[in-house]
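Asker: Chain residues, written in single-letter form:
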Amino acid sequence: MNKFMHWMTAALVAAALSISACQPAMSGGHAGGDMGGMEMGGGPNEGKVAATVGGIEIVDPWARAAAMEGGNSAIYMVLKNTSGTADKLVAASGEVAAAIEIHETKMDNGVMQMQPVEGGLEVPANGSVELKPGGYHVMLIGLTKVLKAGETVTVKLTFESGASVDLTVPVMEPK
Amino acid sequence: MHTHWRTPALLIGGGVLVGLAVIAGLAFLQPSTHVFAGVVQPEAARIADFTLETSQARSVPLSSLQGRYVLVAYGYTFCPDVCPATLAMLSRVVDSLGPDRDRVLVVFISIDPERDTPERIAQYVTGFDEAFIGLSGTPEQIAAAAQPFNVSYTRRETPGSAAGYLMNHSAFTYLLDPAGRWRVTYPYGIDADAIVQDLRYLFGQAPNP
Numbered sequence: 004m005n006k007f008m009h010w011m012t013a014a015l016v017a018a019a020l021s022i023s024a025c026q027p028a029m030s031g032g033h034a035g036g037d038m039g040g041m042e043m044g045g046g047p048n049e050g051k052v053a054a055t056v057g058g059i060e061i062v063d064p065w066a067r068a069a070a071m072e073g074g075n076s077a078i079y080m081v082l083k084n085t086s087g088t089a090d091k092l093v094a095a096s097g098e099v100a101a102a103i104e105i106h107e108t109k110m111d112n113g114v115m116q117m118q119p120v121e122g123g124l125e126v127p128a129n130g131s132v133e134l135k136p137g138g139y140h141v142m143l144i145g146l147t148k149v150l151k152a153g154e155t156v157t158v159k160l161t162f163e164s165g166a167s168v169d170l171t172v173p174v175m176e177p178k
Numbered sequence: 574m575h576t577h578w579r580t581p582a583l584l585i586g587g588g589v590l591v592g593l594a595v596i597a598g599l600a601f602l603q604p605s606t607h608v609f610a611g612v613v614q615p616e617a618a619r620i621a622d623f624t625l626e627t628s629q630a631r632s633v634p635l636s637s638l639q640g641r642y643v644l645v646a647y648g649y650t651f652c653p654d655v656c657p658a659t660l661a662m663l664s665r666v667v668d669s670l671g672p673d674r675d676r677v678l679v680v681f682i683s684i685d686p687e688r689d690t691p692e693r694i695a696q697y698v699t700g701f702d703e704a705f706i707g708l709s710g711t712p713e714q715i716a717a718a719a720q721p722f723n724v725s726y727t728r729r730e731t732p733g734s735a736a737g738y739l740m741n742h743s744a745f746t747y748l749l750d751p752a753g754r755w756r757v758t759y760p761y762g763i764d765a766d767a768i769v770q771d772l773r774y775l776f777g778q779a780p781n782p
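If you read the sequences in order, they're chains A and B.
Going by the numbering used here, the first residue of the first sequence is number 4, and it counts up by one from there.
Going by the numbering used here, the first residue of the second sequence is number 574, and it counts up by one from there.
Heads up, a few of these hints could be off.
[To be verified] Here chain B is said to cover these stretches of chain A; the calculated rule only asks that three of the stretch's residues, wherever they fall, bring their Cβ under 8 Å from a Cβ of chain B:
# : region
1 : 67-75
2 : 99-107
3 : 111-120
4 : 139-146
Hints were generated in silico from the structure; no laboratory data involved.
For glycine and all other residues, C-beta sits at the position ideal for the given N, C-alpha and C.
If we strip away everything but chain A, and leave its shape as in the complex, we get (with noise of 0.2 Å):
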């Protein structure tokens, strides 16, 4: 190694740098990607605990925006089990809506499905479930209002445990 090849790999490094730099910012990368991480998921990730029901948290719940009454929207939030015991989110009810289900969203290429969950959604013993858009969600079915973002919705989940929350779940346009 001499300084002569020093020289040449440092040039073609630089270069190297700077055609990239100068490569429009656009890359395919977000293409099919896998749809958790896509940022279209939009709740605020702040990890907050907005209810405890048995040994479950609920975690930073949001319902998203929808501006037609009659329509359909859905909440979303993180089930975290901190109990020993598997747990399942079994019903939810509310005035917000005139049916409130448990769906599932399954993205199969290119293909969206969505199916009620049957049986209700498991929340695994020390573990926890999330449910985002293009996944799980509690489905409000027949909005009985528009859902404006900085509003709240009431639901009241039930769990198999027999334990039950009524929670306060904001409004919010996914960013």
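Using the hints, position chain B against chain A.
Answerer: For chain B alone, coordinates are given in the frame of chain A:
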């Protein structure tokens, strides 16, 4: 002994640097280096025209929207999750364009004509942006509108759910250029900024007269 080669090495090294700097500069100036955020159609071609209905009981052939870039997405108002996420993303796209937002139309086509009247789909999409166009039609019209992009949609009965039935459907966003040619396909979950970058690039290719 070092001095014997230091000068030529510096000259060669310097020359290489200058050469590479020129290449880098050319790469910067050469617009074809733009990497689209979606899947680019190998050949930009006009798609088969179709006609749908708007809320004002007006029939709109897709071709009548030519003259602007058109972002087309398919979905249904009953969709609580993926469709609003896509429409919220598209409203961020037009917001980011600022004064150039008039160069782009956003069209949302229902694949659930049974529930989505033209009025209902229009009310739904204008909740995201007043300029968005919601279109529906008869099942035959929807089938014709799904064909050019090979959009798949199927009805799934959901007994035991208040939903009654749900629709499985393709969740891509398609970009047409002002000549009505299909250029790019974006997957669900794409960043609004990524589409804005592509549009700005295309605007630069064909500046507004």
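Asker: Are the hints correct? Go through all of them and say.
Answerer: Hint check:
A stretch counts as covered by a chain when three or more of its residues have a beta carbon under 8 Å from one of that chain; for the region 67-75 of chain A and chain B the count is 6, and the coverage holds. Only residues whose C-beta sits within less than 8 Å of a C-beta in chain B count toward coverage, and the region 99-107 of chain A has 4 of them, enough to reach three; the restraint holds. As drawn, the region 111-120 of chain A meets chain B at 7 residues by the rule of a beta-carbon pair under 8 Å; at three or more, the given contact holds. Check result for the region 139-146 of chain A against chain B: holds, 5 residues qualifying (beta carbon to beta carbon below 8 Å, three or more required).
In terms of the numbered hints stated before, the structure departs from none.
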